[in-house]
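Enquirer: Okay, here's what each chain looks like letter by letter:
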Amino acid sequence: MTEEIIIAGFGGQGVLSMGKILAYSGIMENQEVSWMPSYGPEMRGGTANVTVILSDERISSPYLKLFDTAIILNQQSMDKFENSVKPGGLLIYDPNGISHHPTRKDIQVFQIEGTKLAAEMENKKIFNMVILGGFLKKKPIVKLENVIAGLKKSLSERYHHLIPLNEKAIQVGMESIHPY
Amino acid sequence: MSELKLMKGNEALAEAAIRAGADAYFGYPITPQSEVIEYLMTEQPEKRTGMVVLQAESEIAAINMVYGAASTGKKVMTSSSSPGISLKLEGISYLAGAELPAVIVNVVRGGPGLGTIQPSQADYFQSVKGGGHGDYKLYVLAPASVQEMSDFVEDAFNIAFKYRAPVLILSDGLIGQMMEKVNLKDQLPRLTNDEIIEKYDSWAVTGRKNRRRNIITSLDLQSEKMEARVHRLMKKYEQMEKEDLRYEKILCDDAEYLIVAYGSSARISQKAVELARKKGIKAGLLRPITLFPYPKQPLFELADQVKGILSVELNAGQMVEDVKLSVEHKVPVEHFGRTGGIIHTPEEVLEALEQKIIKNGNLRYHTTRESSIL
Amino acid sequence: MEILDIIQPENQVFCKTKLMTDTALSYCPGCGHGTAHNLTMEVIDEMGILEDTIGVAPVGCSVLAYDFMNIDMTQAAHGRAPAVATAIARTWPEKYVFTYQGDGDLAAIGTAETIHACNRGENIVIIFVNNGIYGMTGGQMAPTTLEGMISSTSPYGREIKSMGSPLKITELVANLPGVYYVTRQSVHTHKHARKAKKAIQKAFENTRLKQGLSFIEIVSNCNSGWKMTPNESNIWMEENMFKYFPLGDIKVDGKLKQ
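Protein chains in written order, with numbering that gives the first Met the number 0: chain A, 0 to 179; chain B, 0 to 373; chain C, 0 to 257.
Certain hints may be false.
Said to hold, decoys possible - Examples of chain B residues toward chain A, derived with CB under 7 Å: (1) 46; (2) 176; (3) 177; (4) 178; (5) 231; (6) 267; (7) 269; (8) 270; (9) 341; (10) 342; (11) 344; (12) 345; (13) 346; (14) 350.
Unchecked claim - In silico BS3-like links for lysine-lysine, alpha-carbon gap of 27 Å or less: (15) B:208 with C:201; (16) A:151 with B:46; (17) A:142 with B:4; (18) A:124 with B:4; (19) C:254 with C:160; (20) C:201 with C:160; (21) B:208 with C:197.
The hints are simulated quantities; they were obtained by calculation from the structure and are not laboratory data.
Please read all numbers here as calculations on a predicted model, not as lab measurements.
Beta carbons are placed, not taken as given, at the ideal position from N, Cα and C, and that holds for glycine.
Isolated chain A, as found in the complex (with noise of 0.2 Å):
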């Protein structure tokens, strides 16, 4: 199994955290990772985002033009990533501030209105984590549990009393995504 993901967004949206998240969740269940982020100005306020692949093998290039998941949440980056993804590949986004909505026929295309529902929960931060748990409904590539184990890896101690919270966003993530 290999599965290779873009995550695109603005810089504070959590776009590279997640990619982390997914990343860690990789080592939980032994599988190879790689994490490439976009870095520099740009991301201070403008777009930001990370390739991220899991798989059974040794990665060969951690940079790619064709992905198995794009996960898009602004405008900029659908009109960027769109076309990036692979034929009969997965294209999950946030309809929040989006104008031109995907039109490939030849991808499956799911919504989830992740900042909508962190709104609702009363914290933007977890909004990541609801956009994440939309993706692993449709690719169930790691287990929960591990993307909790990950979470906790990846945080820092102070912030372990949120994990319940994230695993809350995860569970409203999963059930919220729908078909575009």
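Following the hints, complete the assembly by docking chains B and C onto the known chain A.
Expert: Chains B and C alone, transformed into the frame defined by chain A:
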């Protein structure tokens, strides 16, 4: 205890320096390698092993601090990115001339000038063709993964002390910034001052005690003495070529077409080779792990087997010169690479292999030379 | 009594400085460097710290200081001696580390390294020999060349408007909190040399007590570069150099002198 972690390349390198028993790190922040000094400052290795970490006032000061500590037999490292390495080159030349062991890390970004902060391999010439002034070479290790960012630190120190010569770890923004699983090595103890004196008393300046004075200098005003020094350096480089060449062959056994690439480009090219094989193209990859010494002989031999070679580098065509020198015109050699911080995708590499090598497979030599940059 | 009977250790009243090598000094006759070398080596010998002393040589006239000082020494790139000394002092905190630098090395090309080593209060001694000219390369203008002074790169005299004023780097570093002891001395007479030696001794004592950075400027002559006889150069130095670079302590025990 060895330990499995998810780390950025830069962080893995910093942690590896502590675990390799380094005595000191001197550096100056620059994107995309600032995580090295940030990690060390956070980790406080002086409390863990007694290792000294200092943020210098400039790259120039940092490399001269390296020179100072190295002249006393200490295990010392610095790191920077391209514009900062340009500043360090004077000091690197002095380290080579004065025959001092040290590890220098370049997490390359695009140039020339201030360039870009995005990944690049445009410092190949600077790394393997001198860079600084005078007749010298650096032993150059090119990591292609976070694991190698970690492993090569200890290897680099071993080579540096084996030859009393500066060693360069040539990485780039992609390897430095990405996170992968890394198996950290066990902590090596730092040498005590008494052990350093015992081991390196024949040359290190540690205070004159029961011996003639030791002098560290790169100056020889007598030409004959200076020439002897240069000859001594050349002997070391010959020995490096004989004993410490490193490279990796991937799917080369039956290859008809060969890609040569190092570091991040090697990773991307490996995927291109996989894509090529899926299409029925017998492609292989030769990955130089040391850029000096260069795998000349393996390339020379592979040239009898393959129909053409593509040198894939994140630059406008630098290593391709060494590939050509190695194969001595036996097969066509072309370059492919993106510049300016743009990273080529595996698909682009495969396309370049098909267009530049396979399509032209019957042509032994090209009369016209097209621009090799996409 | 035969002459050979007189040449006995017990009759000896003067001898070559023990920690100087037998290599003939390459400095011009009349130059102050030799005396400054001698004084430094005498202090190291008398304090009994040879085994724990590491010197850093500069680029300039004293680039070959290691040929004359019979101690462990590292020769630094031009201007970088304070950075080199920083690393040695940081990795060998129990050692006595000093740099020996000229005005071009310390106050022009190495200004950044000088200021920042001083600002960090590195536990080292900096011996700064200021003769107002680039001697080694043949008498070019230095940052400390006086106004109107002729050199090969200021052949009509240093003009402040286009070339700037002579740099008082010693006063400058004295204002940095990390610097513990700053003094300006000369070595052109016995009296002055004795005072300079005391200053050097105090500086190495400061290292022993881990007090931070000690900075000793030695205003010296360059009869070759100034194109004078040694005697004339010393008189010219007293009349001109000392006026702009007055001798005496500037900062003692961490306190600026009024």
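Enquirer: If a hint holds in the structure, say so; if it does not, say that too.
Expert: Going down the list of hints, with the structure as the test:
A distance limit of 7 Å between C-beta atoms decides the matter here; for residue 46 of chain B the minimum to chain A is near 19 Å, and the interface restraint is violated. The beta carbon of residue 176 of chain B comes within 5 Å of a beta carbon in chain A, closer than 7 Å, and the hint placing it at the interface holds. Taken as an interface hint, residue 177 of chain B checks out: its beta carbon lies about 4 Å from the nearest beta carbon of chain A, inside 7 Å. Look at residue 178 of chain B: its Cβ gets to within about 4 Å of chain A, closer than 7 Å, so that hint holds up.
Violation of the interface hint for residue 231 of chain B is found here, the shortest Cβ-Cβ separation to chain A being roughly 41 Å, above the 7 Å cut-off. Residue-level restraint check for residue 267 of chain B holds (minimum Cβ-Cβ distance to chain A is 4 Å; threshold 7 Å). Below 7 Å, beta-carbon pairs count as interface contacts, and residue 269 of chain B has one with chain A at about 4 Å; its hint therefore holds. Interface hint at residue 270 of chain B: satisfied, since its Cβ lies 4 Å from the closest Cβ of chain A, which is below the 7 Å cut-off.
About 11 Å separates the beta-carbon of residue 341 of chain B from the nearest beta-carbon of chain A, more than 7 Å, and the hint is not met. The interface hint given for residue 342 of chain B is met, as the beta carbon of that residue sits about 5 Å from the closest beta carbon of chain A, less than 7 Å. Of the supplied interface hints, the one on residue 344 of chain B holds, with its beta-carbon coming within about 4 Å of a beta-carbon of chain A, less than 7 Å. Proximity of residue 345 of chain B to chain A holds as hinted, the smallest CB-CB distance being about 5 Å (cut-off 7 Å).
Annotation: residue 346 of chain B was flagged as interfacial toward chain A, and the flag holds, the nearest CB pair being 5 Å apart, inside 7 Å. Hint on residue 350 of chain B is violated. Least Cβ distance to chain A is approximately 11 Å, over the 7 Å limit. For the hint pairing residue 208 of chain B with residue 201 of chain C, the CA-to-CA distance comes to about 24 Å; that is within 27 Å, so the pair holds. Proposed proximity of residue 151 of chain A and residue 46 of chain B is supported: the alpha carbons are some 26 Å apart, at most 27 Å.
For a cut-off of 27 Å, the pair hint linking residue 142 of chain A to residue 4 of chain B stands: about 19 Å separates their Cα positions. This hinted pair checks out: residue 124 of chain A and residue 4 of chain B have alpha carbons roughly 25 Å apart, not beyond 27 Å. The suggested pairing of residue 254 of chain C with residue 160 of chain C is violated, with an alpha-carbon distance near 34 Å, which exceeds 27 Å. Distance hint between residue 201 of chain C and residue 160 of chain C is unfulfilled; the C-alpha atoms sit about 39 Å from each other, more than 27 Å.
A hinted pair counts as satisfied when its Cα atoms are at most 27 Å apart, and residue 208 of chain B with residue 197 of chain C qualifies at roughly 25 Å.
Of the numbered hints stated above, those contradicted by the structure are hints 1, 5, 9, 14, 19 and 20, listed in ascending order.
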